[in-house]
Amino acid sequence: MYEDTKLIELKSISKSFGDTEVLKNINVYIRRREFVTLLGPSGCGKTTMLRIIGGFETPDAGQVIFDGKDIQKVPPYRRRVNTVFQKYALFTHLNVYDNIAFGLKLKTPEELLPNVKKPSRKQVKEEIDRRIRRMLKLVKMEGYEKRSVDALSGGQQQRIAIARALVNEPEVLLLDEPLGALDLKLRKEMQLELKSMQQQLGITFIYVTHDQEEALTMSDTIVIMNGGRIQQIGDGKSIYDEPKNAFVANFIGDSNILPGVMHKDFEAEFAGHVFECVDEGFKENEPVDVLVRPEDIMLIGSDVGMLVGEVKSVLFKGVHYEMKVDTGDFVWKVHSTTMYPAGSRVGLSIVPSNIHIMRRMEAEGKIEA
Amino acid sequence: MVKRLYKYLRGTYLGFLLVLLYSPIAVMIVLSFNESKTRSKWGGFSFKWYKELIFESPDIIEALKLTLAVAILATVISVILGTLGAIGIHAAKKGYAAALINLSYLPMTMPDIVTGVSLMLMFVFVNGFISLPRGFWTMLIAHITFDTPYVLFSVMPKLKQMNPNTYEAALDLGCKPLRALTKVIIPEIRPGIVTGGLLAFTMSLDDFVISFFTSEQNNLSMLVYAAAKRGVKPNIYALSTIMFIVILILLIIINKRSDLENIS
Chain P
4 MYEDTKLIEL
14 KSISKSFGDT
24 EVLKNINVYI
34 RRREFVTLLG
44 PSGCGKTTML
54 RIIGGFETPD
64 AGQVIFDGKD
74 IQKVPPYRRR
84 VNTVFQKYAL
94 FTHLNVYDNI
104 AFGLKLKTPE
114 ELLPNVKKPS
124 RKQVKEEIDR
134 RIRRMLKLVK
144 MEGYEKRSVD
154 ALSGGQQQRI
164 AIARALVNEP
174 EVLLLDEPLG
184 ALDLKLRKEM
194 QLELKSMQQQ
204 LGITFIYVTH
214 DQEEALTMSD
224 TIVIMNGGRI
234 QQIGDGKSIY
244 DEPKNAFVAN
254 FIGDSNILPG
264 VMHKDFEAEF
274 AGHVFECVDE
284 GFKENEPVDV
294 LVRPEDIMLI
304 GSDVGMLVGE
314 VKSVLFKGVH
324 YEMKVDTGDF
334 VWKVHSTTMY
344 PAGSRVGLSI
354 VPSNIHIMRR
364 MEAEGKIEA
Chain X
3 MVKRLYKYLR
13 GTYLGFLLVL
23 LYSPIAVMIV
33 LSFNESKTRS
43 KWGGFSFKWY
53 KELIFESPDI
63 IEALKLTLAV
73 AILATVISVI
83 LGTLGAIGIH
93 AAKKGYAAAL
103 INLSYLPMTM
113 PDIVTGVSLM
123 LMFVFVNGFI
133 SLPRGFWTML
143 IAHITFDTPY
153 VLFSVMPKLK
163 QMNPNTYEAA
173 LDLGCKPLRA
183 LTKVIIPEIR
193 PGIVTGGLLA
203 FTMSLDDFVI
213 SFFTSEQNNL
223 SMLVYAAAKR
233 GVKPNIYALS
243 TIMFIVILIL
253 LIIINKRSDL
263 ENIS
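Here the protein sequences line up with chains P and X, keeping their order. Position one of the first sequence corresponds to residue 4 (my numbering), numbered consecutively onward. Position one of the second sequence corresponds to residue 3 (my numbering), numbered consecutively onward.
The hints are simulated quantities; they were obtained by calculation from the structure and are not laboratory data. As the structure is a prediction and not an experimental result, all values here were calculated from the model. From the three backbone atoms N, C-alpha and C, an ideal C-beta is built for every residue, glycine too. Please note that a few of the clues may not be correct.
[Claimed, not checked] Among the chain X residues that face chain P by a calculated CB cut under 8 Å, a handful are:
#1 N165
#2 L173
#3 D174
#4 K178
#5 E190
#6 G233
[Stated by the list, open to error] Within a straight-line C-alpha distance of at most 20 Å, the following computed EDC-like cross-link-like pairs (lysine to aspartate or glutamate) qualify:
#7 K110(P) with E170(X)
#8 K178(X) with E60(P)
#9 K108(P) with E170(X)
#10 K162(X) with D153(P)
#11 K178(X) with E113(P)
#12 K95(X) with E172(P)
#13 K96(X) with E60(P)
#14 K90(P) with E170(X)
#15 K185(X) with D153(P)
#16 K178(X) with E172(P)
#17 K108(P) with E174(P)
#18 K108(P) with E129(P)
#19 K178(X) with E114(P)
#20 K95(X) with D22(P)
Only chain X is shown next, with the shape it has when bound in the complex (with noise of 0.2 Å):
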């Protein structure tokens, strides 16, 4: 009886917890399927949000195809950065490779103001030098900055977890060193470097606080932000969902690798 309740209760409260959590995206993804533009009256099952935001909003794929580009191209750079980051600190002396540790952990535990602001300020100093206006490019070189260590940390683990002499057995074998690198190293850290292009990818596709600083071009958060301030019409409705739908989908990967590398 005892036993009954306590699992009910149980169960009472996970239900709970999520509906918390998960109740306002239902009604924002329920909202965007609404014919009717006021939130108050449901006007029936239509597409008419998407469609609109598609083909007659040209500011929203603007900013969409900022937001993209920058996430891109950030992952990629910051996946060759921080892999390679990685494999030094990996072969650093010990208190050495604590040091660089530590440096690349405080970008990820800074609030995203402090990073924003400062990049902001580098960016305006810069800019009396050589001219390099807030947009694609200062946003671009923000993101690697908060994407790098992401990757960093999750190629550290898969280099502590392969065996010592494995680059020592590939010079064996008669690879020089850089090979060794490009036909062992790499290929043996291969899940860890996906596992943190991914994270890269979402954390720059859904960023605001840092790209509100850094860049005067609006990518999508900051879209969302400036037409909430004016009033929001469903079709930004439509654009969170696709942008939820999105990052759940790449969530799940991530997880399901993560999954996948504990059993083996």
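Bound conformation, chain P alone (with noise of 0.2 Å):
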């Protein structure tokens, strides 16, 4: 990635709430037009960090570099940035034209119409007007003008409240679990629209959630966040194929996490089976992490498989079935689109590369962002 790309940076960020320690060492960068998603479970962090960029959290130590400046002392309201807030924060007492015009009528007439040598209030006010009806259409809420927002649904007030803080053209917006009090489908929906506002518009999201298919469905740049930490950064599908540890394997995606011993060079061990695998550059002996991906197991005879167990129980998940099947050292979850009755013994399959070998999570010691 070319220096200049990026737009946020944020340089071992500390951050502490009493005798909480929320964020630890936080080094990532952001670049320009990227969608980024803070993804980990409650209380991990992600929300200080985006109130850090939003300017209203003051980090402990660390540095925050916005387009190549250090903004640390840049108050909220001076920052090129605007927030979608959890539950929206609408103002009750304006009506949704209003809500959204708020932000426009702040900016300074030079602000708003650059290129108009001293504009008249009428040429300001049809200024307004003119972004206001352009932010209506994108979140296709045309129409609701002279609505209160008491009067309207969750979904609606969603979408104003994105209207609401894009219409000031930030550089970057930032979203706090925008999505969380909206019902399934909907919810499906807004993340589609959400990501084709972002490409059509270019500008930075950084979005929060604790949602890990939201943040696979929408993000070109997943940071997974734990206990104050950066646990793994990259993209969904890398992230999914090569998780660093075994909590990121476990946050994102279904998995089997089991012990094992790294013997050495495409060799581990581990359900008291020696497997061939494709990682390489542990120590010999090495105690290990394995994953392995509930669909990356085949069902087979139970006379040919390598390892043998018992199926205990069976789910129709819709595409698939889920089983759990006991190999004596382990339960395996497995999803096969053939279902094998509980009771009945199978043989398991897993071909090398669909075996990942992680290194320890304590012997990790701190990930670099």
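Need the complex rebuilt from these two chains, each delivered in its own frame; the hints are there to steer you.
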């Protein structure tokens, strides 16, 4: 990545509330026009990180660089970012139109119309009106101008909150779990709409969520956090295929994670069996965590499997069945389109490229961002 | 059958209570329109006492002016103090806020006589250093002290209802802190401010005990009390009727407002 495409950079950021360390030495950069998701369980520090970028929290240590300048001392009302808050925080004393107009009315005529010399009041009013109508069209809420925000549904309020932020043409839009309060169907629709808005407008989105599926659907880059530390940064596919540790593997997608030992390059032992694998670069006999995704396990006849076990339970999940298979040392979660009834004996087979070896979390120590 | 009896009893009981509560006021209102001066005789309907009250009772009009001036000023000042106080408490840390809330409750629950006597003592004490005779200004200060908590406790729930990010949203959209307060926070909590102001005005308008201790100038309640000792003239009935109606109207407005808020 070229240095000049970095729009925001957090350098060694730490933050505590009282005795609780919320962020521990965070290093991350965000590129221009990127859709970045901060993903993690609640309490992992993702919202605090977003609030530091928005200017609502001051870090105890470290730097926030925006477009090459340290913006630590810049108050929120001078930052070129806007925020869509959790539960929207719309102004209930204003109608839809005036909510969206709020930020524009605070700008000077020169800021609104840089190409016009001494803009008249009428020109300013028309410009504000033009921008609001364009936003209402973008969020598909034309015709709602005069409505009270209290009279809108959750999804509609969400759209107005997005319009109110985007109308100011920020360089970065911060979104704090904006879809959390919506039902599943609406949430999926809004995910796609948000993504297309971001591509259409070409601005940077920083999105906070605890929903891994949401993160995978929308993001160019996912930053996975836990316990105030960044666990892994990457695009959805690389995080899914190559999780750095057991936490990431567990958080993104379904997984079987079990302890194992790396005998030598390309050879690992786990679940009482020696497997061929594609990983290298570990110490001889290093204890490791092994990840096998449930869809990567093939169920075959019990006489030919690498491991043999008994099907304990079967759940129908729509496209596939989810079966629990007990091989004595470990109970495997297996996804398969073929169903084996509970109680039957099956063989398990895993191809080398589907075995993913991870360093032990304790041994990992600090994870470089 | 039992059901009907039950219904009947319930209606009677309610009626009995209402009669008990409001018959004295009804009697007074009726008598205020009595042509005759004696209470025992109905001399026909007339506005005589109302005319006398307005045109021939300069002491009552003086007291009315004082009452209104104090009520209006005390309301305006306590609305400002109470609103800012509520915003401050809302933003304060939990333990500190709880302490401040309890301290503000105290004057509301304290007997008026305690508030009155202690304020009187303070004014007498202060009068030893700077000239502060017990009159308009002392009464005003006293009314501000008991009005402010009413505003505070009308505004606090509105602040609690507000989305916690509202202030930050205003900053985010380009407001400086003071502007966020005037353009967003205060409009958002305005219903609470208005209700608090109406309550404060009502309290101030009919206060007797605290005013009695803190002022030598009579407000309306004090005047009625003084008149009662000499024997009440029917123009006092007329005055009391007007006060009753004004306060009734204010209370209806306050109740209507809180009903509306509960709906939305």
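Q: Determine which of the earlier numbered hints do not hold for this structure and return their numbers in increasing order.
A: Going through the list in order, the structure violates hints 6, 12 and respects the others.
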